[in-house]
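There are 2 protein chains.
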Amino acid sequence: MRNINEDTITQAVLAAMAGCKQPRLRTIMVSLVQHLHSFAREVELTEDEWFKAIQFLTAVGHITDDVRQEFILLSDVLGLSTLVTAQNNAKPAGCTEATVFGPFFVENAPEYALGADIANGAGGEPCHVSGQVRSLDGRPLAGVRMDVWQSDEDGHYDVQRPPTETQPHTHRARGRLRTDAQGRYHFRSILAQPYPIPHDGPVGKMLEALGRHPWRPAHLHFMLEAAGHERLITHVFRDQDRYLDSDAVFGVRSTLIAPWVRHEAGPAPDGSVQERPFWTLHYDFVLNPQ
Amino acid sequence: MRNINEDTITQAVLAAMAGCKQPRLRTIMVSLVQHLHSFAREVELTEDEWFKAIQFLTAVGHITDDVRQEFILLSDVLGLSTLVTAQNNAKPAGCTEATVFGPFFVENAPEYALGADIANGAGGEPCHVSGQVRSLDGRPLAGVRMDVWQSDEDGHYDVQRPPTETQPHTHRARGRLRTDAQGRYHFRSILAQPYPIPHDGPVGKMLEALGRHPWRPAHLHFMLEAAGHERLITHVFRDQDRYLDSDAVFGVRSTLIAPWVRHEAGPAPDGSVQERPFWTLHYDFVLNPQ
Ligand SMILES: [Cu+2]
Ligand SMILES: [Fe+3]
Ligand SMILES: [Fe+3]
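Chains as they are written, first to last, in the UniProt record's numbering: chain E, 1 to 290; chain W, 1 to 290.
Do not rely on the hints blindly, as some may be mistaken.
The list makes no distinction among identical chains, and a pair is therefore deemed to hold if it is satisfied within one copy or across any two copies.
Said to hold, decoys possible - Cut-off 20 Å, straight-line C-alpha distance, at most; resulting in silico cross-link-like pairs (EDC-like, lysine to aspartate or glutamate):
#	residue 1	residue 2
1	K91	E47
2	K91	E44
3	K205	E275
4	K91	D48
5	K91	E6
6	K52	E208
7	K91	D137
I should point out that these hints are in silico values taken from the structure, not numbers from a laboratory.
Small disclaimer: the values here were computed from a predicted structure and weren't measured.
Turn these sequences into a full structure, and let the hints guide you.
Shown next, in the form of structure tokens:
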């Protein structure tokens, strides 16, 4: 430890952690230090570049607060969130795949009866969503708790915009449902639209410098919880979206892409008669037994 | 990009940066993403662990302000600062080695004449420091700008404690000098003591979890600027310090360790007569011609 130089520093840092009493923490930190140092060596990081990185992380920290999490955004756009999601959610073939959670989930969203309009004032063309939740063996799963959340026609989630006179509800285009005795669900909402991730901060500047856009393809978020099964957190993506091949957070899996079908005004799947054109989406979920 | 999974995610992120117009930025980010993903794969990072990392970085960001830089502290304790310093400051044999800058430098410290007492009220046993600054060929360097800064007997830098009634000066135990026509310098200050890096924040908690202490061996900081030579930022460490083998920020190089010699009250090197015991340090610097 007295002879620290470019060649000995990594070993010195690892040796300093020899007394760590938490084996898992030690494993993680040993690996982190090795890869961090390998990176700095590989690119021959300069002192100026190091300082820019310090300033960048400082800016990420300072824009982060209770409603904005720029570190998660950074993890998302670097593909780390998707990697961690993927390597912790391997499922047997036939199960619905998981994807990133995202920053816009809200605990304890309003509960709705099947068939309800969860838009709750959010703007957009009407969309009827339906499907079935099954176990891997094909058995329909009754009473599955389903959380759904999505952005509105302007690409905003309710949490990004406080209620207004025309949109007085705090919770818009999000809700909780339960599947019926045959595992079926259906609800009304609005058509999902592509949206940019928050890009007025340091992560947005980084994307711009990298020649990347901040857009995500249109999607609905789902979280499904059924007794005896792994919890599933995923999206359903709208087919033909222009951003399916360049999702800013790398969340797209081809099995999660589904057709949203446009219908002229007239009878809807729930028996109602729609006065405006409307959309339908049908998607079935298969959960992994525990 | 529609078929993102554990195996394809890294390549997808790299492909997304293909449009980057800044080649150096792209090189850095390509390497960063690869090493970051390798780390997450190697340790099979879980979603819980990922979230703890997000919370840790958030805490590091929130404690960082104008006078406290927890990201630099984090870089220091992970050995990254030393690695970056070392790989950017390789010098020919015979030159004084560089080490980490640290967070306690202050621009435009007070200027002192050679022989002055730069303690300026900082507490500690008196110490007389002297030496010579030379070029690699042995030629003495006159008029070299020398910044020196150090902690006091309690292990604090002036910037960590506002002035008080008994210590009314803002700048204590720091100053700027110039070498004389023979390249010599000398000044009076106080004996350097070991000190802990700030450890009441997330980095301190991390060190504790890793079984590491926050202490640095006693040292003086120097920055030397001479025409026609590379700027040198370094420390001189006090020999026999108990932390020389476990510096929390990995800054020690054996060539930078020097003896501090204790003397009983009596005549000092500058011709004065000291009424208390005092210390002397002699250290010569060799600068690298540009
Ligand atoms: Cu690596
Ligand atoms: Fe989303
Ligand atoms: Fe220091």
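Subject >> Intra- versus inter-copy proximity for E44 and K91 (alpha-carbon distance at most 20 Å) >> reply: between (40 Å within a copy, 16 Å between copies)
Original post:
Quick one: K91 to D48, C-alpha cut-off 20 Å, is that within a copy, between copies, both, or neither?
Top reply: Intra 45 Å, inter 19 Å, cutoff 20 Å: inter-copy only.
Original post:
With identical chains treated as interchangeable, where does the CA-CA distance between K205 and E275 reach 20 Å or less: within a copy, between copies, both, or neither?
Top reply: neither (44 Å within a copy, 61 Å between copies)
**OP:** Have a look at K91 and E47 and pick one of within, between, both or neither, based on CA distance no larger than 20 Å.
**Re:** between (44 Å within a copy, 16 Å between copies)
**OP:** Have a look at K91 and D137 and pick one of within, between, both or neither, based on CA distance no larger than 20 Å.
**Re:** within (14 Å within a copy, 68 Å between copies)
Original post:
Checking K52 and E208: alpha-carbon separation at most 20 Å within a copy, between copies, both or neither?
Top reply: This pair counts as within: shortest intra-copy Cα distance 16 Å, inter-copy 28 Å.
Subject >> Within, between, both or neither, where K91 and E6 count as close if Cα-Cα is 20 Å or less >> reply: Between copies only: 12 Å across, 43 Å inside.
Violation of the numbered hints given earlier is confined to hint 3; every other hint is satisfied by the structure.
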